[in-house]
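Protein chains: 2
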Amino acid sequence: MKPAICEQFGIDFPLFAFSHCRDVVAAVTNAGGFGVLGATAYTPEQLDQELSWIDEQVNGKPYGLDLIVPAKYEGKGENLSSAQLADRIPEDYRGYIDELLAAHGIEPEPKKRTGAPILSGSTGKELLEVALSHPIKLIANALGVPPDYMIEAGKQHGVPVAALVGAKEHAVKQVRAGVDLIIAQGTEAGGHCGEVSTMVLVPEVIAAIEEMGASVPVLAAGGIVTGRQMAAAVAMGAAGAWTGSVWLTTEEAETPPATVQKFLKATSRDTVRSAGRTGKPARQLVSDWTKAWLPNEGGKRPLPLPLQSMLAEPVIRRIDVLAEQGHEGAQALATYFVGQGVGLMNKVKPAREVVREFIEDYLAAAERLSNSLPD
Amino acid sequence: MKPAICEQFGIDFPLFAFSHCRDVVAAVTNAGGFGVLGATAYTPEQLDQELSWIDEQVNGKPYGLDLIVPAKYEGKGENLSSAQLADRIPEDYRGYIDELLAAHGIEPEPKKRTGAPILSGSTGKELLEVALSHPIKLIANALGVPPDYMIEAGKQHGVPVAALVGAKEHAVKQVRAGVDLIIAQGTEAGGHCGEVSTMVLVPEVIAAIEEMGASVPVLAAGGIVTGRQMAAAVAMGAAGAWTGSVWLTTEEAETPPATVQKFLKATSRDTVRSAGRTGKPARQLVSDWTKAWLPNEGGKRPLPLPLQSMLAEPVIRRIDVLAEQGHEGAQALATYFVGQGVGLMNKVKPAREVVREFIEDYLAAAERLSNSLPD
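Protein chains in written order, with the UniProt record's numbering: chain A, 1 to 375; chain B, 1 to 375.
Any copy will do: because identical chains look the same in the list, a pair fits if it lies in one copy or spans two.
Keeping only pairs whose Cα atoms sit at most 30 Å apart, straight-line, the calculated BS3-like set for lysine-lysine is: (1) K72 to K291; (2) K125 to K72; (3) K173 to K265; (4) K111 to K72; (5) K173 to K347; (6) K265 to K349; (7) K347 to K265; (8) K111 to K291; (9) K72 to K265; (10) K125 to K137; (11) K111 to K300.
Hints in this document: simulated from the structure, not taken from any laboratory. None of the values given here were measured: they were computed from a predicted structure.
Build the full structure now, drawing on both the sequences and the hints.
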């Protein structure tokens with residue numbers, strides 16, 4: 001008999017793989033896991049193309065979609081345009097960035113460029129509508145309780161809605177709001193994360209949901225890049241694992257080559273939780289950029305969501321391009337979302353090989369635990 | 001057949017329990033685990049009494065000793081007296097503490113009291129000599145590679161020497177130095193800890209030791225307060241678990257009643273890594289004391305080891321007494337070493353009951369993992 005989570009999602013192995021890269025999503029799904037496309041950066045048209053491509057590759061096998069529709073953000077309820085939001089970025093912040101760039105031998109920003117706000121307007125809804133015209137089997141959301149339209153759409157289309165949480169109190173709120181799957185993401189995770197470690201958060205969240213009398217499955221996330229860690233999470237009561245960082249060094253990933261080399265060399269102590277990219281603490285590689293946004297060490301206090309990313313992302317994209325060209329100042333500034341598990345990521349492999357190794361390592365871990373029992 | 005670690009230490013269940021309280025040590029050892037007495041605060045005479053008492057209780061069953069002999073500290077190699085060390089505490093630090101106390105309605109320190117330096121002189125050696133006249137079965141050390149005299153004494157008496165580490169690089173150094181057991185302690189641990197989480201650190205340390213071609217067992221520490229978390233660690237390759245916080249709310253512990261209540265109410269988000277007590281980052285409950293030692297938020301930069309604890313401990317002891325008497329200012333200042341696992345500590349129990357629950361929960365976790373496998 002398959003575990004309930006495998007029955008529910010039509011998979012062989014409850015390894016959920018978050019990636020911005022459609023190739024990774026398809027490869028994991030085809031290898032028996034569950035690929036989830038990070039869709040926040042796409043336009044509705046682009047997303048439609050990406051999902052059509054995945055549909056062709058996976059031949060009906062299940063995959064999902066991940067959005068970031070934050071519950072709280074600057075300008076919420078004010079119905080502002082991007083330009084109006086951008087006006088709330090204080091001028092001295094642009095000057096601060098220009099000084100930071102100059103100190104690294106990089107030209108100042110040519111004009112007041114501003115990135116798109118995170119999915120705080122109607123874009124999230126549009127992306128979701130596009131996605132629901134494809135056979136997606138999961139909608140995941142981060143940064144707070146999903147908006148009503150998402151939970152409603154999930155129910156209407158019979159697609160489970162998942163929420164990422166970094167604290168048990170948030171899990172309780174999410175279950176009350178009607179989400180179908182909780183992803184308990186520890187502080188070691190890449191991207192947005194809280195302060196509680198996976199080892200503590202997973203049993204805490206599971207216990208809190210049990211206390212509510214609810215039966216919502218919990219995936220463990222944060223630091224998990226091997227099958228033995230996934231087995232650890234399942235031993236603690238998780239239904240499976242939600243992973244992200246480990247796919248960044250797969251052959252299919254679109255991670256730039258210099259960044260892949262940074263990941264392979266990085267240790268688990270080379271990451272930091274910094275609000276310098278999005279305005280909310282998110283784990284990434286330490287760099288001169290993350291150091292510049294430590295307000296208590298002479299840096300600027302990051303702006304609230306979504307202003308910080310509107311300000312930062314165009315600059316960071318320019319830094320990334322220069323860094324790939326070998327510009328030393330840009331390489332010192334460049335940063336990348338990745339978790340502490342980066343210390344265990346030491347080789348580039350095909351995604352299907354990562355899935356295969358996860359399964360083998362998981363089985364070995366289960367045997368190790370079983371062998372530890374007295375006869 | 002018993003697991004190798006159980007054979008090696010003569011125990012039924014590889015649950016190692018660190019406690020400053022002899023009653024907890026004896027209770028865990030008598031329940032089939034391995035009690036370890038935190039001995040740093042004792043004089044040699046006191047330690048002799050404590051160990052004699054334990055010897056009477058455990059009837060030959062195994063227990064160990066934990067010391068903190070730091071590898072690096074202020075004044076190392078200068079052969080200074082406590083008074084000479086105390087002279088290195090800048091006067092404005094005493095003034096800063098008096099202001100902090102006044103702001104909380106507490107009288108200033110009556111005189112320049114200074115606590116004993118951490119075991120940086122000959123005291124560690126003296127304690128170890130006393131301990132080796134008792135049938136101890138483990139010597140554990142924290143804060144760097146144990147001094148030569150400790151490793152030598154362990155070999156001479158056939159007593160394994162263990163070292164706590166918070167990074168894989170430290171584990172490699174310790175194995176090279178000849179320690180017999182590595183305790184990989186994640187950032188979620190109470191007391192001194194690094195930044196890497198248990199979920200990442202444990203497999204990293206195990207892999208690093210394997211790469212050396214060494215066969216030194218690894219205990220997992222940090223956040224572990226239940227059997228399911230211990231099972232998770234063993235699934236990842238740990239030989240067992242090293243625990244501390246969970247014993248603070250046992251009936252046997254000498255934790256003051258008001259502190260026990262604080263622990264029972266605390267969530268996993270109520271702790272912080274702060275150098276405000278010892279000069280090295282150590283996880284403890286957030287309080288006005290920990291906030292006062294954030295150098296970048298208007299607080300003082302903590303002094304190096306051992307000066308900070310020499311300065312802080314006499315004051316903290318006075319704060320603790322006042323806090324127990326119900327003094328509100330003191331309660332706001334009081335802090336206690338405890339890990340994120342405090343969020344899962346919700347009831348006072350006898351220590352033997354904690355061991356029994358660990359075993360049951362461990363067995364259930366092993367069964368859960370086994371049931372997750374496809375037939």
